[in-house]
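Visitor: Okay, here's what each chain looks like letter by letter:
2 protein chains.
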Amino acid sequence: MKKIKIGLIGFGTVGSGVYSLLKKNSVLIRQRTGIDINIKTICDLEIDKFKDKIQNINTTKSWKNITDDSEIDTVIELIGGIEPAKSIVLESLKKGKNVVTANKKLLAEDGEDIFKLESNSGSSLGFEASVGGGMPCIQALRDGLVGNRVDAVLGILNGTTNYILTRMEDDGLSFNDALKDAQKKGFAEADPTFDIEGFDAAHKITVLARLAFNKKVAFSSIPVEGITGITSGDIVYAKEMGYAIKLLGAARIVGSELEITVRPAMLSLKHPLASVRNEYNAVMFSADMTDPIILYGKGAGSLPTASAVISDVIQIARKIKSGEKLPDVETAKLLKPKDQIYRYYMRLSTADRPGILSRVSGVLAKNSISIASVMQKAENSKYVPVIIMTHNCSEQGMLKSVKEINSFDFIESDITIIRIEE
Amino acid sequence: MKKIKIGLIGFGTVGSGVYSLLKKNSVLIRQRTGIDINIKTICDLEIDKFKDKIQNINTTKSWKNITDDSEIDTVIELIGGIEPAKSIVLESLKKGKNVVTANKKLLAEDGEDIFKLESNSGSSLGFEASVGGGMPCIQALRDGLVGNRVDAVLGILNGTTNYILTRMEDDGLSFNDALKDAQKKGFAEADPTFDIEGFDAAHKITVLARLAFNKKVAFSSIPVEGITGITSGDIVYAKEMGYAIKLLGAARIVGSELEITVRPAMLSLKHPLASVRNEYNAVMFSADMTDPIILYGKGAGSLPTASAVISDVIQIARKIKSGEKLPDVETAKLLKPKDQIYRYYMRLSTADRPGILSRVSGVLAKNSISIASVMQKAENSKYVPVIIMTHNCSEQGMLKSVKEINSFDFIESDITIIRIEE
Numbered sequence: 001m002k003k004i005k006i007g008l009i010g011f012g013t014v015g016s017g018v019y020s021l022l023k024k025n026s027v028l029i030r031q032r033t034g035i036d037i038n039i040k041t042i043c044d045l046e047i048d049k050f051k052d053k054i055q056n057i058n059t060t061k062s063w064k065n066i067t068d069d070s071e072i073d074t075v076i077e078l079i080g081g082i083e084p085a086k087s088i089v090l091e092s093l094k095k096g097k098n099v100v101t102a103n104k105k106l107l108a109e110d111g112e113d114i115f116k117l118e119s120n121s122g123s124s125l126g127f128e129a130s131v132g133g134g135m136p137c138i139q140a141l142r143d144g145l146v147g148n149r150v151d152a153v154l155g156i157l158n159g160t161t162n163y164i165l166t167r168m169e170d171d172g173l174s175f176n177d178a179l180k181d182a183q184k185k186g187f188a189e190a191d192p193t194f195d196i197e198g199f200d201a202a203h204k205i206t207v208l209a210r211l212a213f214n215k216k217v218a219f220s221s222i223p224v225e226g227i228t229g230i231t232s233g234d235i236v237y238a239k240e241m242g243y244a245i246k247l248l249g250a251a252r253i254v255g256s257e258l259e260i261t262v263r264p265a266m267l268s269l270k271h272p273l274a275s276v277r278n279e280y281n282a283v284m285f286s287a288d289m290t291d292p293i294i295l296y297g298k299g300a301g302s303l304p305t306a307s308a309v310i311s312d313v314i315q316i317a318r319k320i321k322s323g324e325k326l327p328d329v330e331t332a333k334l335l336k337p338k339d340q341i342y343r344y345y346m347r348l349s350t351a352d353r354p355g356i357l358s359r360v361s362g363v364l365a366k367n368s369i370s371i372a373s374v375m376q377k378a379e380n381s382k383y384v385p386v387i388i389m390t391h392n393c394s395e396q397g398m399l400k401s402v403k404e405i406n407s408f409d410f411i412e413s414d415i416t417i418i419r420i421e422e
Numbered sequence: 001m002k003k004i005k006i007g008l009i010g011f012g013t014v015g016s017g018v019y020s021l022l023k024k025n026s027v028l029i030r031q032r033t034g035i036d037i038n039i040k041t042i043c044d045l046e047i048d049k050f051k052d053k054i055q056n057i058n059t060t061k062s063w064k065n066i067t068d069d070s071e072i073d074t075v076i077e078l079i080g081g082i083e084p085a086k087s088i089v090l091e092s093l094k095k096g097k098n099v100v101t102a103n104k105k106l107l108a109e110d111g112e113d114i115f116k117l118e119s120n121s122g123s124s125l126g127f128e129a130s131v132g133g134g135m136p137c138i139q140a141l142r143d144g145l146v147g148n149r150v151d152a153v154l155g156i157l158n159g160t161t162n163y164i165l166t167r168m169e170d171d172g173l174s175f176n177d178a179l180k181d182a183q184k185k186g187f188a189e190a191d192p193t194f195d196i197e198g199f200d201a202a203h204k205i206t207v208l209a210r211l212a213f214n215k216k217v218a219f220s221s222i223p224v225e226g227i228t229g230i231t232s233g234d235i236v237y238a239k240e241m242g243y244a245i246k247l248l249g250a251a252r253i254v255g256s257e258l259e260i261t262v263r264p265a266m267l268s269l270k271h272p273l274a275s276v277r278n279e280y281n282a283v284m285f286s287a288d289m290t291d292p293i294i295l296y297g298k299g300a301g302s303l304p305t306a307s308a309v310i311s312d313v314i315q316i317a318r319k320i321k322s323g324e325k326l327p328d329v330e331t332a333k334l335l336k337p338k339d340q341i342y343r344y345y346m347r348l349s350t351a352d353r354p355g356i357l358s359r360v361s362g363v364l365a366k367n368s369i370s371i372a373s374v375m376q377k378a379e380n381s382k383y384v385p386v387i388i389m390t391h392n393c394s395e396q397g398m399l400k401s402v403k404e405i406n407s408f409d410f411i412e413s414d415i416t417i418i419r420i421e422e
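So the sequence lines, in the order shown, correspond to chains A and B. Under our numbering, the first residue of the first sequence is numbered 1, with each subsequent residue one higher. Under our numbering, the first residue of the second sequence is numbered 1, with each subsequent residue one higher.
Think of the hints as simulated: they come from the structure by calculation, not from any bench. Be careful, since some hints might not be right.
Said to hold, decoys possible - In silico SDA-like links for lysine to any residue, alpha-carbon gap of 25 Å or less:
no., chain 1, residue 1, chain 2, residue 2
1, A, K215, B, K23
2, B, K23, A, K239
3, B, K319, A, G96
4, A, K94, A, T41
5, A, K239, B, S268
6, B, K270, A, G12
7, B, K270, A, L269
8, B, K185, A, D288
9, A, K94, A, S121
10, A, K239, B, K239
11, A, K2, B, R142
12, B, K270, A, K2
13, B, K2, A, K61
14, B, K2, A, P327
15, B, K270, A, T41
16, A, K61, A, K94
17, A, K61, A, D48
18, A, K51, A, G12
19, A, K321, B, K239
20, B, K319, A, S268
21, A, K319, B, K185
22, A, K2, A, G172
23, B, K270, A, S232
24, A, K333, A, D110
25, A, K23, A, E46
Note that the structure is a prediction, hence the values are computed from the model and not measured.
All chains, please: the whole structure from these sequences, using the hints.
Guide: Structure follows, in structure tokens:
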């Protein structure tokens with residue numbers, strides 16, 4: 001019987017989920033795998049609050065009591081944020097311990113020291129729980145697709161924003177009302193910035209892209225746009241044309257360059273991700289040997305994320321770590337905006353007077369953007385929405401056009417542009 | 001560098017896919033994993049046909065040249081069927097070789113000797129490729145959900161039948177015309193029996209259920225019903241009521257009993273599997289710790305299945321086989337028809353005269369089945385379709401009713417019943 005002694009750092013939502021899961025299913029896990037998992041020590045600054053709940057396990061407020069404990073072979077880091085999480089992970093790896101973490105922010109924003117140390121040490125790092133809750137995305141990528149060259153990772157990676165967009169679509173709610181509904185139902189936090197501005201999704205796509213393409217990218221260089229600029233009108237117009245608006249994390253290899261973004265996208269209703277609704281998440285991998293594979297599920301939650309943590313603990317316990325020096329991760333060369341070619345949806349709010357369309361289309365033509373269709377929505381107000389669908393054009397040309405058009409005095413507010421994915 | 005020497009038996013669709021995949025991506029795999037995979041010998045009765053294609057690899061027509069070769073550590077069995085596949089797998093495991101197979105028929109119908117030998121030996125058996133092509137279903141179940149008690153596995157497990165049902169739904173085709181279309185497009189074989197009668201799906205759900213629940217079940221005791229009895233009318237009526245008809249492989253634990261079936265089911269359009277269309281497959285796992293997880297993709301094909309084979313080869317090479325004696329698989333106690341409680345759709349084709357509904361509903365009432373709705377479809381023909389939707393009732397009561405109603409002289413042809421999954 002292989003025995004694993006865990007040091008659990010962070011006893012919040014996921015940490016207490018890990019405790020509960022093991023309490024309920026550790027016998028089952030032992031029978032299935034021949035691996036006996038025991039939590040030796042739990043560390044949390046507020047551990048006094050939980051002491052009554054925890055039985056037969058040491059508790060501490062100092063993480064060094066865990067990293068210094070030579071009996072502990074696996075550290076589960078669930079406190080989130082950069083520090084002290086980074087020190088905990090590095091120290092644990094240095095001491096020869098395996099580490100399992102759900103910390104997407106750390107891995108996405110400041111993970112290189114950690115990945116490097118792991119690849120040069122005998123220890124392993126598991127981070128299934130950092131993306132997609134109970135959905136085994138990392139495993140699908142790392143193990144299921146190990147024989148493939150992955151071309152693209154597309155994901156609806158944030159349940160909060162997907163829930164909000166679904167409410168806007170189904171019930172015609174404004175963004176603000178849909179956000180309030182999400183908060184009421186527990187799908188959005190009191191301060192929802194991190195989710196609605198796209199940062200959560202950006203952390204996840206960064207972690208996935210690094211693994212899929214073996215390329216690192218400075219987090220700050222990733223274009224991230226949330227859903228706060230999307231109106232219920234956009235969603236209605238999109239639907240009329242056969243599209244759904246989703247917050248899409250996308251990473252694609254184009255030639256030898258990486259395109260990585262988080263932004264709202266219009267997905268053709270035939271796109272497999274278009275039907276992912278409510279608080280659900282989904283990740284789609286395209287690769288050279290298999291047809292696209294999609295994983296679909298709720299992407300968060302205490303026990304599902306704990307389930308991913310435990311899956312990592314067991315996979316690491318079962319695996320022989322390769323003694324090979326794996327190829328160094330490359331620094332990604334980002335695909336330039338001039339090479340990012342998409343069709344676009346463009347919504348202007350303009351004064352309702354003659355000659356406006358001619359000036360707007362003149363700007364687009366100058367930037368080599370040809371128009372596929374124009375709809376002017378009749379409204380009884382000073383400004384009217386004009387929807388322009390373009391043919392394929394470059395991001396560069398589009399951004400230049402937007403800037404120019406925005407400066408016209410007949411434009412009411414900022415122009416919304418949304419990329420189209422067929 | 002860990003070196004794996006492969007003996008590949010069977011050079012058909014998947015076998016040649018394995019060869020091509022390794023030819024293209026083996027350097028990438030080596031860089032990623034530190035594992036060097038080489039095919040030493042290929043065995044196929046018709047190997048002479050392929051000799052020109054194969055470079056620097058031994059060829060043979062006798063599988064014993066592979067199982068007897070002490071240099072070969074991993075045997076990939078891709079000939080399908082029971083024998084000689086079973087002898088090849090058993091002989092390889094006995095000789096201490098690891099085995100990777102895509103042979104769902106063998107594992108489902110006659111796999112117990114193999115599973116038993118594997119669990120008592122130092123060798124490993126991989127069978128990711130037996131279910132779902134490139135979708136890592138086995139891995140999700142075995143590794144991703146290792147900390148969970150799985151309650152149910154539901155799957156659209158056969159691309160041929162799903163393609164046919166989609167054509168019937170979208171284009172109003174009859175079953176026969178949709179089948180012809182599927183054959184023309186290469187989604188159905190010249191003799192489609194194995195797919196359309198549900199046996200392919202039955203093999204797959206059996207393999208999944210054994211792994212999910214650690215229970216074995218005699219393949220012949222599984223109720224298997226294909227889609228040949230489904231009319232385009234059924235599909236239209238289902239749609240009117242908010243359902244899609246899918247061929248569903250379902251395995252569920254109810255108390256300590258197993259319900260396992262393959263049959264057409266009506267899925268509520270809100271059901272995550274209802275939107276799986278064309279030749280796509282999907283598998284949904286429900287478990288105690290995570291929300292349902294769905295894997296979605298094309299379930300077959302040469303390279304996707306080869307990708308699953310190679311994933312298994314690498315996982316086995318990486319893993320430490322547990323020295324533990326794992327718990328014996330239990331023989332499943334099957335859930336009795338009287339305990340299988342569902343709502344049903346029932347279609348009768350009856351003469352159009354008074355008093356018929358009274359006699360039909362009398363039989364249902366006698367068997368404790370209450371009716372939720374009745375629709376009589378007006379048609380200019382001697383017989384008219386009558387659609388009855390029931391409230392929850394037992395399979396036993398339903399089967400008794402069907403038998404009795406079928407014997408009435410006003411019933412034209414066999415009654416169709418379809419279970420409803422919300």
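Visitor: Is B/K2 close enough to A/K61, meaning Cα to Cα at most 25 Å?
Guide: At roughly 43 Å apart (the allowed maximum being 25 Å), A/K61 and B/K2 break the hint.
Visitor: For the pair we were handed, A/K2 and B/R142, check the Cα-Cα distance against 25 Å.
Guide: Between A/K2 and B/R142 the Cα gap is close to 18 Å, so the pair holds against 25 Å.
Visitor: What's the verdict on A/K239 and B/K239, does the C-alpha distance respect the 25 Å limit or exceed it?
Guide: holds, 21 Å
Visitor: CA of A/K239 to CA of B/S268, is that 25 Å or under?
Guide: With a Cα-Cα distance of about 22 Å, the restraint between A/K239 and B/S268 holds, given a limit of 25 Å.
Visitor: Please verify whether A/K23 and A/E46 have alpha carbons no more than 25 Å apart.
Guide: holds, 21 Å
Visitor: Run the distance test for A/K2 versus A/G172: straight-line Cα separation, threshold 25 Å.
Guide: Status violated; Cα separation ~55 Å.
Visitor: Within a Cα-Cα threshold of 25 Å, do B/K270 and A/K2 meet the stated pairing?
Guide: violated, 44 Å
Visitor: When you check the alpha-carbon spacing of A/K319 and B/K185, does it fall within 25 Å?
Guide: violated, 43 Å
Visitor: Regarding the pair B/K319 and A/S268, is the alpha-carbon distance no greater than 25 Å?
Guide: violated, 42 Å
Visitor: Would you check the hint for A/K94 and A/T41, treating anything up to 25 Å between C-alpha atoms as holding?
Guide: holds, 19 Å
Visitor: Starting from B/K23, check that the Cα of A/K239 is at most 25 Å away, please.
Guide: violated, 45 Å
Visitor: Decide if the proposed pair is consistent with the structure: A/K94 and A/S121, CA atoms, cutoff 25 Å inclusive.
Guide: At roughly 8 Å apart (the allowed maximum being 25 Å), A/S121 and A/K94 satisfy the hint.
Checked against the numbered hints given earlier, the structure breaks hints 2, 6, 12, 13, 15, 19, 20, 21 and 22 and satisfies all the rest.
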